[in-house]
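Enquirer: Listed here are the chains, written in short residue letters.
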Amino acid sequence: MGDPLFSHGVDVGVLVIVVVKVLVAFGFLLVSVMLMIWFERKVISDMQNRIGPNRAGKFGILQTLADGTKLFFKEDLLPERADRVVFRLAPFLSVVPAFLIFAIVPVGGIVTIAHHTVELQVADPPIGILLLLALSSVAVYGVMLAGWSSGSKYPLLGSVRASAQMISYEAALGLTVVTVILESHGLSTRAIVESQAEYFWRWNVLRLCVVPFAIFFIAGTAELNRPPFDLAEGESELVGGFHTEYSAIRFAMFYLAEFMNTITMSAIVVTLFFGGPDGPGFHVVRWLWPILWFLGKTIVFLYVQVWIRAALPRLRYDQLMNLGWKWLIPLSLAWLLLVAAAQVSKDWGFAVFGGVVVAGLLLAAARATARRRRAHPDRGRPPAVGGADGLGTAAIGAGRSEAGS
Amino acid sequence: MGLLGETNFFGGFYVAAKQILRPRVTTEYPATKRPKPPRLHGRHVLNRYEDGMEKCIGCELCAAVCPADCIYVRGADNPPDAPVSPGERYGFVYEINYLRCIHCDLCVEACPTEAITESKLFEFSFTSRADAIYTRDELVVGDDGKPQQLPWEDWRPGEDRFSSGWMRATSPSGDASYEGEVQWSGELGYGVRPPEAGQRGERDDEATGNISVRETEAKKIPVRFGGRRR
Numbered sequence: 029m030g031d032p033l034f035s036h037g038v039d040v041g042v043l044v045i046v047v048v049k050v051l052v053a054f055g056f057l058l059v060s061v062m063l064m065i066w067f068e069r070k071v072i073s074d075m076q077n078r079i080g081p082n083r084a085g086k087f088g089i090l091q092t093l094a095d096g097t098k099l100f101f102k103e104d105l106l107p108e109r110a111d112r113v114v115f116r117l118a119p120f121l122s123v124v125p126a127f128l129i130f131a132i133v134p135v136g137g138i139v140t141i142a143h144h145t146v147e148l149q150v151a152d153p154p155i156g157i158l159l160l161l162a163l164s165s166v167a168v169y170g171v172m173l174a175g176w177s178s179g180s181k182y183p184l185l186g187s188v189r190a191s192a193q194m195i196s197y198e199a200a201l202g203l204t205v206v207t208v209i210l211e212s213h214g215l216s217t218r219a220i221v222e223s224q225a226e227y228f229w230r231w232n233v234l235r236l237c238v239v240p241f242a243i244f245f246i247a248g249t250a251e252l253n254r255p256p257f258d259l260a261e262g263e264s265e266l267v268g269g270f271h272t273e274y275s276a277i278r279f280a281m282f283y284l285a286e287f288m289n290t291i292t293m294s295a296i297v298v299t300l301f302f303g304g305p306d307g308p309g310f311h312v313v314r315w316l317w318p319i320l321w322f323l324g325k326t327i328v329f330l331y332v333q334v335w336i337r338a339a340l341p342r343l344r345y346d347q348l349m350n351l352g353w354k355w356l357i358p359l360s361l362a363w364l365l366l367v368a369a370a371q372v373s374k375d376w377g378f379a380v381f382g383g384v385v386v387a388g389l390l391l392a393a394a395r396a397t398a399r400r401r402r403a404h405p406d407r408g409r410p411p412a413v414g415g416a417d418g419l420g421t422a423a424i425g426a427g428r429s430e431a432g433s
Numbered sequence: 023m024g025l026l027g028e029t030n031f032f033g034g035f036y037v038a039a040k041q042i043l044r045p046r047v048t049t050e051y052p053a054t055k056r057p058k059p060p061r062l063h064g065r066h067v068l069n070r071y072e073d074g075m076e077k078c079i080g081c082e083l084c085a086a087v088c089p090a091d092c093i094y095v096r097g098a099d100n101p102p103d104a105p106v107s108p109g110e111r112y113g114f115v116y117e118i119n120y121l122r123c124i125h126c127d128l129c130v131e132a133c134p135t136e137a138i139t140e141s142k143l144f145e146f147s148f149t150s151r152a153d154a155i156y157t158r159d160e161l162v163v164g165d166d167g168k169p170q171q172l173p174w175e176d177w178r179p180g181e182d183r184f185s186s187g188w189m190r191a192t193s194p195s196g197d198a199s200y201e202g203e204v205q206w207s208g209e210l211g212y213g214v215r216p217p218e219a220g221q222r223g224e225r226d227d228e229a230t231g232n233i234s235v236r237e238t239e240a241k242k243i244p245v246r247f248g249g250r251r252r
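So the sequence lines, in the order shown, correspond to chains A and B. Counting in the working numbering, the first sequence runs from 29 upward without gaps. Counting in the working numbering, the second sequence runs from 23 upward without gaps.
Worth flagging that the hints you see were computed from the coordinates, not collected in a lab. Here the structure is a predicted model, which is why all the values come from computation and not from measurement. Note that beta-carbon positions come from the ideal geometry of N, C-alpha and C, so glycine has one too. Hints are supplied without guarantee of correctness; some may be wrong.
To be verified - Derived DSS-like pairs (lysine-lysine); straight-line CA-CA distance at most 30 angstroms:
| no. | chain 1 | residue 1 | chain 2 | residue 2 |
| --- | --- | --- | --- | --- |
| 1 | A | K86 | B | K55 |
| 2 | A | K181 | A | K86 |
| 3 | A | K70 | B | K55 |
| 4 | B | K168 | B | K55 |
| 5 | B | K40 | A | K70 |
| 6 | B | K40 | A | K86 |
| 7 | A | K102 | A | K70 |
| 8 | A | K102 | A | K86 |
| 9 | A | K70 | A | K86 |
Stated by the list, open to error - Some residues of chain B that are not near chain A, with every Cβ distance over 12 angstroms (derived):
| no. | residue |
| --- | --- |
| 10 | R56 |
| 11 | Y94 |
| 12 | A98 |
| 13 | E117 |
| 14 | F144 |
| 15 | E145 |
| 16 | I155 |
| 17 | G167 |
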């Protein structure tokens with residue numbers, strides 16, 4: 029259990045390895061955020077018949093650097109009615125979780141450096157994937173406090189929306205993570221990845237029959253406040269949402285956190301459902317292939333994220349809440365039940381699984397009937413007696429026929 | 023609310039992905055420019071006759087009609103030994119303030135001698151109020167009959183065509199009974215220019231620089247809505 033790096037105590041070598049891992053991950057994340065912003069702008073302009081950034085550097089690849097430099101040197105405004113401490117704290121509450129979540133992502137296999145067994149990930153805590161849920165809850169504070177401390181209406185509205193949305197979708201997110209944990213028999217991300225290793229049909233996306241992956245991906249996108257779930261910053265109604273009052277480097281930090289979260293969430297999806305660094309390797313430079321596999325899979329999901337942004341219009345607030353509470357959470361609960369039943373039926377016999385399926389179907393039928401009853405209150409009932417014209421007022425509606433009788 | 027039914031959830035993804043293979047609509051402006059409509063209203067020129075005499079007679083009608091009050095003209099008697107214009111008087115001060123000009127072309131309409139017309143140039147800039155006032159020296163066409171290309175203006179090859187009074191007189195929206203009639207005087211560098219064939223269908227769009235708005239717009243209509251194939 030736990031990180032094998034610490035199994036023989038902590039010495040200078042271990043310390044150096046840890047520091048190097050942290051620095052590499054930090055630098056990698058910053059550079060990849062820079063590239064991700066450029067990638068997103070380029071791909072989305074491809075999908076809109078535009079050219080996109082093409083001035084700074086070759087293919088405009090340094091555009092993010094130019095923007096960042098500009099933001100760095102801009103005046104850092106503090107609104108007069110802002111809560112000074114919280115206003116300054118909020119961007120950090122957004123950025124730090126974004127960095128920390130990436131720490132548990134296994135980017136490669138296990139290598140040996142100077143007689144130390146090193147897992148290619150920053151940390152492998154025993155709580156593992158729970159860190160994701162904990163930190164994404166902390167990230168809600170960043171958004172909420174940013175809006176609240178601005179001392180202004182629109183940021184407050186935006187942050188209320190954002191925190192309601194993030195809390196709602198966290199439930200579905202957590203429930204699908206539980207299905208993964210059930211299937212992989214471990215909380216640690218390394219254990220989850222290892223349980224999917226070697227064959228692609230052992231990837232959780234196939235073992236769990238796609239549905240948890242779909243739910244996780246949708247809920248994850250909502251958790252990131254990315255389109256089509258970006259109503260926290262719906263420009264047409266809320267100016268810029270929770271970061272309206274932010275400028276200069278603090279705004280840059282929110283921006284950084286947003287894109288870093290996108291990368292991290294894609295990496296987490298790859299870890300949980302697509303085997304992480306798993307993939308065929310070759311005998312030349314063995315340690316490199318898992319990393320390349322991991323990066324390749326992550327880039328595919330980043331592309332899908334951009335594609336979603338280009339293709340889908342923003343949801344309305346009630347549609348968002350409907351999707352979260354009435355579809356994703358029940359569906360993830362039901363799937364959790366199925367996965368649990370499948371696990372248990374290995375020991376208790378297949379009848380358990382069948383029983384759960386039948387019970388689930390009955391529940392679903394009952395729910396569907398209830399919905400139908402609510403939508404058409406008088407369908408299937410005898411038509412109302414009476415009515416002045418005798419033409420059958422039942423068709424007009426229950427309220428009207430009661431008033432007529 | 024089906025995934026593939028009436029809302030066609032995945033249709034949007036197909037539409038977005040399809041665009042990648044399509045040509046870009048962006049014009050990279052400072053590097054390349056779109057062609058300008060031949061009757062675009064740009065900065066003015068003061069035209070000259072074939073013998074090099076200025077057409078302006080200093081009547082100040084342009085200044086009187088200008089709604090933005092941006093033209094300042096002073097007429098003076100022609101010096102008998104070296105006349106500037108063929109008539110009795112000439113405009114010895116002619117100034118247009120481009121911070122006020124709205125390019126309505128009313129001065130061009132008012133001018134009795136086709137002296138003032140507009141070129142197609144609108145890409146010029148200045149850094150002081152004084153520089154915004156063009157004087158007669160800058161507005162008068164050069165010895166080739168084309169507008170002067172001043173250093174702070176962005177001229178590209180071919181953009182100095184179609185700046186004379188002929189452009190106004192050949193307007194296809196004019197009375198059909200004047201079609202084919204020469205309604206304009208000769209000018210420096212071009213002589214008396216031929217009439218545009220107008221609505222008879224004998225048009226030489228290449229020579230006149232005419233772009234039919236109707237045809238230009240028709241090209242943009244997709245084939246499936248009845249547009250012509252490109």
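Enquirer: Does each hint hold? Answer for all of them.
Expert: Cross-check of the supplied hints:
1. K86/A - K55/B: 22 angstroms, holds
2. K181/A - K86/A: 42 angstroms, violated
3. K70/A - K55/B: 23 angstroms, holds
4. K168/B - K55/B: 20 angstroms, holds
5. K40/B - K70/A: Within the cut-off at roughly 15 angstroms; holds.
6. K40/B - K86/A: 25 angstroms, holds
7. K102/A - K70/A: 25 angstroms, holds
8. K102/A - K86/A: Holds, at about 25 angstroms.
9. K70/A - K86/A: Holds: K70/A and K86/A sit about 12 angstroms apart, inside 30 angstroms.
10. R56: 15 angstroms, holds
11. Y94: 42 angstroms, holds
12. A98: Answer for A98/B: holds, closest chain A Cβ roughly 52 angstroms.
13. E117: 39 angstroms, holds
14. F144: The claim stands: F144/B keeps its Cβ more than 12 angstroms from every Cβ of chain A (closest is about 24 angstroms).
15. E145: The claim holds: E145/B sits with its nearest Cβ about 20 angstroms from chain A, beyond 12 angstroms.
16. I155: I155/B is indeed farther than 12 angstroms from all Cβ atoms of chain A, at 34 angstroms.
17. G167: Non-interface label stands for G167/B: nearest chain A Cβ at 39 angstroms, farther than 12 angstroms.
Violation of the numbered hints given earlier is confined to hint 2; every other hint is satisfied by the structure.
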